[in-house]
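**Q** Okay, here's what each chain looks like letter by letter:
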Amino acid sequence: MKKSRLRFIAPIAVVTALVLAGCSTSNLGGTAEADPAAEAGPIKIGAVLDVTGVGASLGVPEQNTLNMLAKQLNDDGGIGGRDVELIIIDNQSTEDGAAKATSKLIESDQVDIIIGASRTGPSLAMRPIAEAAKIPMISVAANVAIVEGSEWVFKTAQNDVVVLERILDDAEAKGYTKLALVRDATGFGEGVADYITELGAERGITLVTTEAFEPSATDFTPQMTNVRGSDADAVIIWGINPSAGLAQKAYMQLAVNKPVYHSHGISNQAFFDAAGESANGVIAPMGRLLVADQLAADNTQRKVIEQFQADYNAAYGEQPSGFAGHAFDAWHIAVNAIDAAGTDADALRDELESAEWTGISGVFKMTAKNHSGLDASALILAEAEDGRWNLLKD
Amino acid sequence: MLTDFLQLTVAGLSQGSVYALLAVGLIAVYTVRHVINIAQGEFAMLAGLGSVWLTAAGMPLLLAILVAILSVTLVAIAMDRLIIARVKKLTPLISIILTLGVSTLLQAIMLLAWGPEAKGVPLFPGTNILIGGVSIRSQEFWMIGALVVVGGGIVLFYEKSRWGKALRACAEQPVAARIVGISPVAASVLAFAIAGFVGGVAGVVASPIYLSLWSGGVLLGLKGFVAAVLGGFVSFRAAIVGALLLGMIEAYVAGYVSSGLRDGAAFLILILVLVVRPQGLVLKPTAVRV
Amino acid sequence: MTHATTPAPAGISSRRARFWTDNKSTLIGCGILVALMIVVPFTANSSVMNIVVFAMIFALPAIGLNLLMGLAGQVSLGQAAFFAIGAYTHAILLTKLDLPGPVAATVGVLAAMLVALLVGLPLMRLRGHYLALATLGLGFIVMIGVREWDVTGRTTGIYGISRPTVFGVPIDNSGFFLWFVTPFVVIGLILALNLTRSRAGRALSAVNDSELAAESLGVNTYALRLKVFVLSAGFAGLGGVFYAYQVAIVSPTTAEFHLSVSILLMVVIGGLGSVWGAVAGAFLVQFLGEGMRDVIPAIFPGATGEVQLLGYGIVLILVILLLPGGLHQAATTLWQKLPFAGKRPPVDAHAHAAEDDTTIPLLPAVSTPVAAGEPILVLEGLTKRYGGVVAVNDVSLTVPAGSILGLIGPNGAGKTTCFNMISGALAPTEGTVTFLGQVISGRKPHVAAAHGLTRTFQNLQVFSSTDVVGNVYMGRYRKGSAGVLRGMLGLQSGEQSAHRAAAYEILQSMRLTDAADDSASDLSFGKQRIMEVCRALAAEPALLLLDEPMAGLSSTEREVMAELLRRLRASGLTIVLVEHDVAQVMSLADHVAVLDDGVLIAHGDPESVRNDPAVVVAYLGTDLDEAEAELTELEEHA
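Residue numbers (my numbering), protein chains in the order written: chain P, -13 to 380; chain Y, 395 to 684; chain G, 394 to 1031.
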């Protein structure tokens, strides 16, 4: 027994010899480069996205968009003559992955700003790390908890509260008084039930039942059975694809015949892929991207949306989704702010707090108090029909 | 209320049928080799994803699922011959690590070959029906039917045929198998073939509504294991009953308590059964072999 | 008697020297590890640095799992569950209750251990596959639990864990963090190494060789395994604590099955039972995982997600098929091929010193709790049925202390079954066994052993993973007292050396000292048998059960054995032996009991039994004359 112990030092020594082979510094916190040097090198933009895992249908188009925009920007000469280096890390749709990626971007890549993550949970995991390091971060996820009370975190997806208001206004107009909620069990769906109760009270709408599902779920029978058994007038399914699409499919298979609202989490082709014919008749609030062709000709967003659609289609041979739009907006807000304020973190943050941008998801107007920058006007209501969205109300 | 209960029961029975088929595969291998095959659930996913791939390539549905099931059967036999049979002294520790290795390897292969998304085989022919407010999807008939035909067939094979009886005897005394004329190699190959076959069947019938996912096999295999434990790892009938019960309990927990706790129910049952009655539901306490 | 010959108390300097020889390789190994960990932050690039930090964090659960798998022979597929419990508890106490770091960390580790204790109490009774799958289920339960509970932050988990501050220095970069975690890994490593060679560690490795023999020497397998299970959970919990600090968030993924698999892989790659192997395995798996994540997408374009599993699966299978001992085995083989790897000095130099001691008694010590002639062992109505077959039928007899009882009978008469019921290896269907006034039947063998009853086995049960002296030394288990905790702290070297010396004395009394350092499984059959007797004697029993002690022995060896048994009897030991060599039994035993078809057909002094016609018929055949002739022949032969 004892001899072997000594023998074991050898492999450890070998492993560490490998470690020693890759030589570098700055593992001990000291920023190796002095600030002037940093001002001369490329501007570093980090992104943490759900490229794989349950959030992949969000993260992949976001990644595509950022890559495309970074290339465009550098082809045009970068920001103030400085190249932009985009570092995208896949968090595999996990909170741990997002936290690790954020630490890596801050500690070893020393990025100037971070974009991400695609979903609420990973974004919440990143927030305290970015705040502790005092690095501005722009999330592309929805839940308002990501930015609430934060000095350093911004976001570009429409607030869930705003989305809910839009849904509840429509429900009130149609005379629904009882709603059922089937929500994503992760961060995206958390708090939704409370908002509905709160916002519904002003409109005489009550929430009668709440069910939850994992984004990885494939069977929704128990949830939908309960919804069917409730006395709700209409149902809100609140999730991202593919699970939201599959939930819609199960909903129809179980012969629940109440009108359905979805969230803006389904604004991509994956919804129709998963739900198929069951999608017909679904009403969802969303940004204007997917109904751009139906917008009024003088709509302020129409030009930027159509340009983006053309560029994205040229680069990837498909239409961009709403999530691609969130990344587009995050990128431009970040780049504009760096252009105006440089890479000093405090200056950059102050600049972001006064950012204004007419983008894909709406017309942004950030303030010190509002790190989301969008109001209900950013949303339209659309109805699904045979694999496309029809603009109901602008 | 009754409608809801019946609806959940239907969902539980169809899901339970899948668990039952996997439990049959687990017991088949365990009786002959005393190996608990952690890769059992991967057989199901492999067959499901394989069928999706074949149908997407233009193969007719029926042919695609047959090819997929037979391929998985071959994979199971290969697992026995190339890996399990190579170890001379198969302790529980070694067998767990080995089948875990196979399980992990199969998962990785599925991930590389077919990507990380869950995919479903097209629905089998049939129409959904609605009886008294309870909706029964046509695929659920297929799932329960698969259990009746395949699971029932295997139970009959074990109880009525000479080979089947010999395989059962293997659990008690390996010599018995020789007497009936089955070499240990043949017995082992047959057991793994059965495991692969039932796993494959379970995988394809469940895929249209429960979808196939590269990483979905572990949890599914474990549910099969829970059912097998309920059958004391010896009795096919008890395991099948246990599997159907498990499916229903899960559906009730999901429907009446919380859908998030659904998977927890199975494992609580597992630990409770192991603690209270490790010999399973049916056998006398003296027959325990832990 | 034996204890009197313990080496005289060593002086301070020699005690220091002994500490050095005992712990040389541990100290050198830890020294190198620490030195490397000091250097790494200055030289490694950030991604290597990251790998090293996580390797050190995961080394902790890997060491724990290695103890459980290598030492206790149990597989856990739920190591990540304990890792997660440690991480969550720590995170919750830090972020929600604002407790100081050390308190939160301690509670985190304790929480993991407590959960292990609660599930281990029922589960450790199960063997083999069942524990593995139950722990796998536990992993899922923990994951589901944290995902559904508000306190654990549901799917998002607990975030916003701030980095610790040590002596006023904030640990806010990976270099400092590595230095923060290294001392804990080193301490954990030393504790684990100490445990593997402690009394408890040796007992567990004996259990892996032969559970039956170990239990009959007094090892309470269940309790020891449970302790190791709890301990291994503690290591996992500590790993979780550091993970929470490093990642700054704890989410349900920490309880995931794939994490348990990767920890298992670390142990398997490193080599089951090798603590250093677990550490090396942790590094290797981290590098392998990171490497695969880079390499596989290059080979398979478009591959995303947890592609490193491909490597994990292949490595798990290949290691088991080709290199079951893992890195440990590879390193050992490699070392032996090196030219400078000469013969190593004996492991325990001081133990050999005992041989030169002139005051060694030639007879092993025995315990004599009752006066000679008093009943020491009483069987009442002892019966064992297997289904319809009655193996032992209503056997009642009393064995007086200080005597030798010979139990004879034809093959299949139920002698060994009877023996197994006396020693506790089998529970009787009916009837009782009373030893020293205590009913011991139906309880585990370690209970009988604790009362002073030890045995040998007809089918030898040697501890093949250790040497001859190690086997006999295990016999001393009952006389030791150091538990898992003392073992881990290394506070038992005095006790150990005393027992080792005692083991040598016993070997000497059976003239086996030459083979003391040989591997037990390399001995001849006869020598193994003698070794088993030595092992049983090492426990200083009051009653010795010998199952065919003469089988396979040469005639000289038989003489030595017989002589030893007589002298042991003279010193007060009670002996019950089952033996085929009837002549030997007749010449040795004070009383002879004859079993036939499970029934006690005769019991008395050798002379009367010899002349009992029923015995002769039953034992030697139906024809009385022929039988007598054979018996006479046997006697003459002897």
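Rather than coming from a laboratory, the hints here were simulated on the basis of the structure. Mixed in with the good hints there might be a few duds.
[Unchecked claim] Computed, partial: chain G to chain Y, Cβ under 10 angstroms:
#1 462
#2 468
#3 524
#4 536
#5 544
#6 654
#7 661
#8 874
#9 876
#10 877
#11 878
#12 879
#13 883
#14 884
[Claimed, not checked] Calculated Cβ distances over 12 angstroms to all of chain P for the following chain Y residues:
#15 507
#16 517
#17 527
#18 532
#19 646
All C-beta atoms in this analysis are idealised placements derived from N, C-alpha and C, irrespective of residue type, glycine included.
**Q** Against the structure shown, which of the earlier numbered hints fail to hold, in ascending order?
**A** Numbers 5, 8, 9, 10, 11, 12, 13, 14, 16, 17, 18, 19 - these are the hints that the structure violates, sorted from lowest upward.
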